Amino acid sequence: MIEIGRLLRGSAAGCVIGCWVSQVTTPQYGGLVRIPVAENYQVYGIIYDIQVEDDGLVRQLLSADVLDDAVITDNRLNRNVPVEISVLFAGYQEDGMIFHLLPPRPPLTLDAMFQCTDHEICTFSSAGNFGYFRHILRASDLPVGELLSSHLRLVDAAQRHQHNPIWIQKAVQELIILLRDDYGLLMSVLAALSDSHLILGEYRG
Amino acid sequence: MPIHYRAVQEQISQAGIRAGERQEVIQKHRARALQLLQQLSENIESLSTLAESASQINPNLRCAVPLGEKLTATFSPTPSIPPHILLAADGSQINPSRHDPIAFGLVNVGVMRIDTSQAAAPKQFVQSTLIIPDPLDPEEWDLNEQIVALLRDLSERKILAEISKNEDKPVVALTDGPLEVFRQLQQEKFYDQRFSEYLVSLLDMANQNGIAAGYVVKPTSDLTVRLLELTLLSSAEIKTAAKPRHLAGVIDSDLFSQILAPGQRSAVFRLQSASSRRYQLFNEKLSLCFFYLNTGSEKHPSLARIEVPLWVAEKKEMMDLLHAVLVDQCRIMGNKPYPYILHRSHEIALVRQEEKDQVLAMLIREMTRQKVEIRGSSTKQAIKDTTHT
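Quick note, the sequences are listed as chains X and P, same order. Residues in the first sequence are numbered from 61 upward in steps of one, following the numbering used here. Residues in the second sequence are numbered from 955 upward in steps of one, following the numbering used here.
FYI, nobody ran anything at the bench for these hints, they're computed from the structure. These figures come from a predicted structure and were not determined experimentally. Note that the Cβ used here is the ideal one computed from N, Cα and C, for glycine as well. Do not take every clue at face value.
Heads up, incomplete: computed chain X residues facing chain P, CB under 8 Å, no partners named [to be verified]:
# : residue
1 : 138
2 : 142
3 : 144
Label pairs and their in silico Cβ distance ranges [to be verified]:
#  : chain 1 : residue 1 : chain 2 : residue 2 : range
4  : P       : 1077      : X       : 61        : 24 to 30 Å
5  : X       : 201       : P       : 1288      : 48 to 54 Å
6  : X       : 73        : P       : 966       : 38 to 44 Å
7  : X       : 217       : P       : 1119      : 50 to 56 Å
8  : P       : 1077      : X       : 122       : 36 to 42 Å
9  : X       : 123       : P       : 1311      : 32 to 38 Å
10 : P       : 963       : X       : 73        : 30 to 36 Å
11 : X       : 220       : P       : 1288      : 28 to 34 Å
12 : P       : 1289      : X       : 217       : 54 to 60 Å
13 : P       : 1022      : X       : 84        : 41 to 47 Å
14 : P       : 1154      : X       : 127       : 36 to 42 Å
15 : P       : 1174      : X       : 170       : 35 to 41 Å
16 : X       : 165       : P       : 1309      : 58 to 64 Å
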């Protein structure tokens, strides 16, 4: 279990996690994470933003000609400069069952967030019929195409490790169905998927 | 009610006119002081004798005494820095307030340690010491800001000496501000006891061959100017605490910023003062010395005054290492030169108001649990808290 950070603030649809700069090597844009809330209840989400905050000292250090390695490691490991990770809720697990719905009870302050293992990614993404794509497609203020392509690339890798290479084809087919009435967004999503080599170029319009 | 800005503006205008008039005099004094510095640069022995005899007449005399290097000597940092352990300790404190329900103080010392031979991140830790005065001890009961500041300086010094004991490489131990501790306390016995402990810790560092230094940023001292001024005074004038001032308004930085190129240090001087004599009397090795360092650039000189004990000032390899380390540390901070490690020690030590409130709440809880009588906040503080929220 890799703990990424802990919850700073949240809402019914998503949350923001705070973590140390040194922990940022683990989470990835589009990655699936889980936040255990109670014994048989945990919330799943997709990382859609990683913000590295600055402060006065960091800005001051940039005015120097050179930057020592010791100073860089000191700032990354010792200083209290948090990184904020924004998460879009994608579903939850209760009593062993996966639901691609918004969680009935959001996680609370200081709940820990963990990166999902390959097995957990496959379990969540294979449950139901890609219902959690709705949450991503609804987030009109996000670069949906980029987010989906990153997410699908990570899930595809996990599914392949679990001997399920056809998951990606089904996922793309589902996206085409979901976006059939939104040609602009469909083309944007397909272009991003093509750029990430998840689909062949002929899907482009 | 806001400030009466119109009245203040009138006072500012008058202050500006007066400052403009004084500026001309100060510039003349500055030119005279610089001329004297250059003229007397090699008169090391006669200046030392003069300062020595002047201090006999006036024990409160505060000035620089040449230690052997020419007054206008400049030294560039060595290009390479040998592996060493760099330590810094900086304290922050909660000062006692009689308006609080419980009188208490707290000293929080932040310590940073960098091993320059390793790529690992610097180590950092904080030592917090709560100070609760004993109401049955009249000396201790009168806890005030001066006492807390003394205990802070003592904690910094003790921690540095303690860490240095376990190091196997040369140690450079920095603190912010002068090494000279001078506080006017009514509690003489209390002060003497703590001051002795301070000197013992400093001597520990000397016995370990560590390099102790106090970094004074933006120095306003006029110790060298006062030395030059002695040459303009009659012995009768020296008796009157070196008054009148023939070079009033000039500070050492005005002179050394003209002489020192970026990265260069000045000659080392011994500090002549009543309080520094106590260091000397305790152990000759602890005699306080100082030099100036230009940590700025060609366009923007930035002078710092570095206080070192005699055992450091006398050893060239120690001075070279300290000099190079300080230049390197200040370089890290770019256009606002100041030792990075000192800034970080300060950053981790800093006590905020909400932390003070938290400690006070913890104290009240414990005293209540122990059924100890608590006097409550002063009504003045209570009203302030009400009206300012």
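We went through each hint and held it up to the structure:
Because the closest C-beta pair between residue 138(X) and chain P is about 5 Å apart, less than 8 Å, the hint holds. Taking 8 Å as the C-beta contact cut-off toward chain P, the hint placing residue 142(X) at the interface is violated, the least distance being around 15 Å. Against a cut-off of 8 Å between C-beta atoms, the interface hint on residue 144(X) is violated, since the closest Cβ of chain P lies about 21 Å away. For the pair residue 1077(P) and residue 61(X), the supplied restraint of 24 to 30 Å holds, since their beta-carbon distance comes to about 28 Å.
Separation of residue 201(X) from residue 1288(P) is about 37 Å and departs from the stated range, judged on CB atoms against 48 to 54 Å. A C-beta distance of roughly 55 Å is found between residue 73(X) and residue 966(P), which places it outside the suggested range of 38 to 44 Å. A beta carbon spacing of about 53 Å between residue 217(X) and residue 1119(P) agrees with the range 50 to 56 Å that was offered as a hint. For the pair residue 1077(P) and residue 122(X), the supplied restraint of 36 to 42 Å is violated, since their beta-carbon distance comes to about 24 Å.
At roughly 35 Å, the beta-carbon separation of residue 123(X) and residue 1311(P) lies within the given 32 to 38 Å, and the hint holds. A C-beta distance of roughly 54 Å is found between residue 963(P) and residue 73(X), which places it outside the suggested range of 30 to 36 Å. Evaluation of the 28 to 34 Å hint for residue 220(X) and residue 1288(P) yields a failure: the beta carbon distance comes to about 48 Å. At roughly 46 Å, the beta carbons of residue 1289(P) and residue 217(X) sit outside the given window of 54 to 60 Å.
At about 54 Å, the beta-carbon gap between residue 1022(P) and residue 84(X) misses the expected band of 41 to 47 Å. Separated by about 39 Å at the C-beta atoms, residue 1154(P) and residue 127(X) satisfy the suggested range of 36 to 42 Å. A hinted range of 35 to 41 Å for the beta carbons of residue 1174(P) and residue 170(X) is inconsistent with their spacing of about 47 Å. Taking the beta carbon of each, residue 165(X) and residue 1309(P) are about 33 Å apart, not inside 58 to 64 Å as hinted.
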